[in-house]
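Throw the hints in and build the complete structure from the sequences for me.
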Amino acid sequence: MHDGSHAVALESHWGGGVSPFGATWQKTMMWIFIVTDGLLFSGLLSGYAFLRMSSLAPWPDRTSVFSIPFIALMTFILITSSATMGTAVGASKLGDRKTALRFLILTIAGGAAFLGCQAYEWTHLIEHGARLTSNPWGSPQFMQSFFILTGFHGSHVLSGLVVLTITAIRTAMGKTPAQGVEMAGLYWHFVDLVWVFIFTLYYLV
Amino acid sequence: MSDTAAHGSPYRIYWITWGILLVITVAMLAAERFHLPRVFLVLFLIVFMLVKATMIGGNFMHLRYEQRNLAFIVAAGLLVTSVILFSFITPESLSVRARRSEPAPAAAVPAHHP
Chain A
1 MHDGSHAVAL ESHWGGGVSP FGATWQKTMM WIFIVTDGLL FSGLLSGYAF
51 LRMSSLAPWP DRTSVFSIPF IALMTFILIT SSATMGTAVG ASKLGDRKTA
101 LRFLILTIAG GAAFLGCQAY EWTHLIEHGA RLTSNPWGSP QFMQSFFILT
151 GFHGSHVLSG LVVLTITAIR TAMGKTPAQG VEMAGLYWHF VDLVWVFIFT
201 LYYLV
Chain B
1001 MSDTAAHGSP YRIYWITWGI LLVITVAMLA AERFHLPRVF LVLFLIVFML
1051 VKATMIGGNF MHLRYEQRNL AFIVAAGLLV TSVILFSFIT PESLSVRARR
1101 SEPAPAAAVP AHHP
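Taken in order, these protein sequences are the chains called A and B. My numbering numbers the first residue of the first sequence as 1 and each following residue consecutively. My numbering numbers the first residue of the second sequence as 1001 and each following residue consecutively.
Heads up, some of the hints might be wrong.
[What the hints assert, rightly or not] Stretches of chain B that chain A covers, calculated by requiring three or more beta carbons in the stretch to come under 8 Å of a beta carbon on chain A:
{"hint": "1", "stretch": "1014–1021"}
{"hint": "2", "stretch": "1027–1040"}
{"hint": "3", "stretch": "1053–1060"}
{"hint": "4", "stretch": "1065–1072"}
{"hint": "5", "stretch": "1081–1095"}
[To be verified] Partial selection, computed: residues in chain A whose CB lies under 7 Å from chain B:
{"hint": "6", "residue": "54"}
{"hint": "7", "residue": "186"}
{"hint": "8", "residue": "205"}
[Said to hold, decoys possible] Sample of chain A residues at the chain B side, in silico, Cβ under 7 Å:
{"hint": "9", "residue": "22"}
{"hint": "10", "residue": "31"}
{"hint": "11", "residue": "35"}
{"hint": "12", "residue": "42"}
{"hint": "13", "residue": "46"}
{"hint": "14", "residue": "49"}
{"hint": "15", "residue": "50"}
{"hint": "16", "residue": "53"}
{"hint": "17", "residue": "72"}
{"hint": "18", "residue": "75"}
{"hint": "19", "residue": "86"}
{"hint": "20", "residue": "189"}
{"hint": "21", "residue": "196"}
{"hint": "22", "residue": "200"}
{"hint": "23", "residue": "204"}
Quick caveat, the hints were computed from the structure, so don't treat them as lab data. We put the beta carbon where it would ideally sit given N, CA and C, even for glycine.
Okay, here's the thing in structure tokens:
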């Protein structure tokens, strides 16, 4: 039947013979989760497009509401934390637990810094009168989209931090298999991926 | 993956990707400064947003090392569903907008006046 020459996956395939994706069931399930979570954000972004296009009040100029260098800094932090996460995944695959742990901690620091920036941004805007249903700079739908989009993204960063902290502690104890770090990494990169879309479609376009 | 031994650091790919993502981000921020026609600006931003997404999916999330069908089902599933969602939801916004901009039914109000 199949020659099996491409079956290079290191860990067990799901039972039932040929694995459709040549991946472990853990990875397959993680990808199913990521696709469904991605659909959540594509729904939110479509809703944002609807709100923006149907708004009669003028859509505020982003530079007058946000500090773009500050948003750029947040983006830089998140991209960097994704690179440190990739390094942690690579190190744990090579069995280098010390490097993996070091880069996991760096990733956690990056994620926490990003959340701190977001908390600062929210506080700043709320102090200036921004609410879920009102916006001192123009269209109320602008602030509605802002709080919903960045709120959902921020909650993903927060849950990512919980996952990473558990992974780091278990790595320090030598309990996390390389695949565990890889799964946490997939989720963390996904959070970065969502930010790419929010950053472009909300802050720049 | 034999390329880990061939190129010194096994983590090189992540930091190359990091550098490319940063350069693209800076280019996107800079594009805002030029007064391009809006269509070109939006097109430029969306194309590079998709390039960034591909770099993250391929290099960080290892989709380029997985079997092709996994990458296909993830990318096609998300892309097709997003296009369907967007194209069915957003055109309605124009009719909502048109209804909102109609003059308010103020003419009817005096009838309620005692």
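Status of the hint placing residue 50 of chain A at chain B (closest C-beta pair under 7 Å): 5 Å, holds
query: Do three or more residues from the stretch 1065–1072 of chain B put their C-beta atoms closer than 8 Å to C-beta atoms of chain A?
result: Three-residue rule met by the stretch 1065–1072 of chain B, so holds; n is 4.
- prompt: Close enough to count: is the Cβ of residue 22 of chain A nearer than 7 Å to one in chain B?
  reply: 4 Å, holds
field: Status of the hint placing residue 35 of chain A at chain B (closest C-beta pair under 7 Å)
entry: 6 Å, holds
field: Hint check: 7 Å Cβ-Cβ cutoff, residue 54 of chain A to chain B
entry: 4 Å, holds
- request: Mind checking the CB of residue 42 of chain A against every CB in chain B and telling me if the closest is under 7 Å?
  value: 4 Å, holds
message: Let's test the interface hint: is any C-beta of chain B closer than 7 Å to that of residue 72 of chain A?
response: It holds, given that the least Cβ distance between residue 72 of chain A and chain B is near 6 Å, below 7 Å.
query: Under the criterion of a CB-CB separation shorter than 7 Å, is residue 49 of chain A in contact with chain B as hinted?
result: 5 Å, holds
task: Go through the hint on residue 86 of chain A and say holds or violated, using the shortest Cβ distance to chain B against 7 Å.
output: Holds. Min distance 4 Å.
- prompt: Can we keep the residue 46 of chain A interface hint, with Cβ of chain B closer than 7 Å?
  reply: 4 Å, holds
- prompt: Would you say the stretch 1053–1060 of chain B counts as covered by chain A, given the rule of at least 3 residues with C-beta under 8 Å?
  reply: holds (count 5)
- request: Have a go at the residue 189 of chain A hint: is there a Cβ in chain B nearer than 7 Å to its own Cβ?
  value: 4 Å, holds
In this structure, every one of the numbered hints holds.
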